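Asker: Top to bottom, those sequences are chains A and B.
Its first residue numbered 26, the first sequence is counted upward by one per residue in the numbering used here.
Its first residue numbered 26, the second sequence is counted upward by one per residue in the numbering used here.
These are computed hints drawn from the structure, not numbers from a lab.
It is possible that some hints are incorrect.
Copies of one chain are not kept apart here, so a pair can be met inside one copy or by any two copies together.
[Stated by the list, open to error] For lysine-lysine, the following BS3-like pairs were computed, each having C-alpha atoms within a straight-line distance of at most 25 Å:
(1) Lys202 to Lys233
(2) Lys133 to Lys233
(3) Lys205 to Lys261
(4) Lys71 to Lys200
Predicted model, so just to flag it, every value in this text is computed and none were measured.
So the chains spell out like this:
2 protein chains.
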Amino acid sequence: MRTKKSNTRPKTPTARVVEKNKPVILITNDDGISAPGIRNLMEAIKDIGKIVVVAPDKPQSGMGHAITIGEPLRLHKTHHFEGIESYSCSGTPVDCVKLAVDKVLHRKPDLCVSGINHGANHSINVIYSGTMSAAVEAAIEDIPSAGFSLLDFSIEADFSGARYFARQIVELMLKTKLGKHTVLNVNIPAQPLELLKGIKLCRQAYAKYQENYVQRNDPHGRQYYWLTGEFQNFDKGKDTDVWALANNYVSVVPVQYDLTHTTYLKQLKATWKK
Amino acid sequence: MRTKKSNTRPKTPTARVVEKNKPVILITNDDGISAPGIRNLMEAIKDIGKIVVVAPDKPQSGMGHAITIGEPLRLHKTHHFEGIESYSCSGTPVDCVKLAVDKVLHRKPDLCVSGINHGANHSINVIYSGTMSAAVEAAIEDIPSAGFSLLDFSIEADFSGARYFARQIVELMLKTKLGKHTVLNVNIPAQPLELLKGIKLCRQAYAKYQENYVQRNDPHGRQYYWLTGEFQNFDKGKDTDVWALANNYVSVVPVQYDLTHTTYLKQLKATWKK
């Protein structure tokens with residue numbers, strides 16, 4: 026028993042007392058722990074909660090909801106961000122969330138935020154996106170979450186608008202105590218902050234890519250293929266994320282992971298009964 | 026002009042004439058082109074259509090909707106299946122579908138089928154599954170599709186029940202001309218055919234995994250982690266895939282890729298307005 030001894034220990038510093046009441050926020054991304062986007066996200070919200078970063082040790086764009094099954098994972102403590110506990114992980118963004126909960130935090134954080142992604146994750150991109158899959162994984166594990174993406178691939182991108190709105194949305198999420206399965210897909214136009222008109226709640230636009238693989242020969246004369254494709258938006262609705270972004274709004278789409286197509290389920294029950 | 030000459034060429038064999046009217050069916054999977062499951066799927070439906078196989082050259086389980094962006098893809102013609110055009114691809118299941126449409130078929134097939142997966146893809150597994158993500162990718166590209174999974178991981182698994190129902194469902198899909206965005210998630214219990222009670226149209230059960238990473242040290246004393254986890258079903262509904270499978274039904278869940286959480290979108294509009 027150490028009860029008595031604990032009475033004589035040095036007073037807990039005030040900062041730690043405050044920190045104990047702060048929400049625990051897990052940050053991850055898919056561009057890797059060295060990407061400017063994740064630093065900007067961390068900087069934007071670091072005073073709001075107790076921040077822990079667990080992010081891939083290399084770029085993991087387009088990894089979707091991939092998990093690492095057939096090989097082990099590595100997790101290394103890093104010193105990327107001064108004063109912030111951070112780890113790099115050899116796996117996918119979804120692996121990062123799973124490992125963070127089980128082996129780093131040993132608890133569920135109050136919120137998980139992913140990004141800020143370098144590039145758009147609106148419309149059908151949500152399904153290929155490692156950034157968004159990390160957020161979806163958090164929600165599966167009862168952790169409200171949001172993925173943030175800036176419509177600018179450049180390493181030199183201006184994150185000021187994205188930072189402003191990421192902070193606003195994180196504050197809103199904590200304040201309004203959204204359900205534990207909440208996932209928000211947030212995209213920010215590549216515009217200076219002063220041109221951004223605000224947040225718009227949207228649905229996912231119906232769009233896709235028209236693939237066009239570039240075919241080349243290697244120095245040994247063997248063919249290989251590079252994925253390229255043209256984005257095609259078939260959706261003229263003004264309630265979509267694509268419309269909102271084109272009109273300088275920050276788009277927010279609540280995302281679900283129950284993939285049952287309920288309308289189609291009813292139709293199929295009628296059709297196949299015949 | 027070769028018009029005249031063509032009149033004198035040998036008569037087109039009847040088989041080819043028939044084949045011209047047959048539907049073109051693309052087969053892929055996530056266990057790799059050498060897995061017994063894909064051979065069983067091919068065998069089950071090979072007389073129904075003109076079959077083309079494009080499948081990963083190695084196991085790709087748990088790859089979700091990952092695509093290969095940062096490196097090129099290889100595609101090799103193989104002779105795995107006698108009399109069937111087949112290719113192995115260095116990428117993910119989703120890459121296989123994209124490359125098949127753009128560079129192998131040069132058209133959209135009439136149907137895409139994925140599997141037969143070695144192991145369950147019911148409930149939340151749909152989101153991690155390479156098998157199902159290939160099927161979803163096809164539907165995004167306007168190709169009706171289905172993913173088939175047998176609840177048996179064994180390389181020696183008995184596919185007779187799975188083969189029977191895969192064929193039945195493929196015939197049903199072609200006959201009832203389902204919409205081009207149809208994706209069916211089909212799971213088959215690991216039971217002898219005579220014990221299977223038939224097809225049940227279901228919704229995705231609400232379930233998840235409780236992660237529990239196994240922590241080990243490598244020979245150099247450095248830690249690594251293996252993903253393990255316990256499946257947890259929170260859903261007692263009798264209209265779910267988990268219930269159907271436990272009761273020896275083949276579960277069929279229609280799947281969507283519009284991830285907008287419409288109910289939550291309405292709630293959020295009300296909450297955030299305040």
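Asker: Hint by hint, say whether it matches the structure.
Answerer: Here's how the hints hold up against the structure:
Within a single copy, Lys202 and Lys233 get their C-alpha atoms only as close as 33 Å, which misses the 25 Å cut-off; across copies the closest is 23 Å, which meets it. Within a single copy, Lys133 and Lys233 get their C-alpha atoms only as close as 35 Å, which misses the 25 Å cut-off; across copies the closest is 15 Å, which meets it. In this assembly of identical chains, Lys205 and Lys261 lie within 25 Å of each other by CA distance solely across copies; the values are 20 Å between and 32 Å within a copy. With identical chains, the CA atoms of Lys71 and Lys200 are at most 25 Å apart within one copy only, with a shortest distance of 16 Å there and 57 Å across copies.
Every hint, counting from the list given before, is met by this structure.
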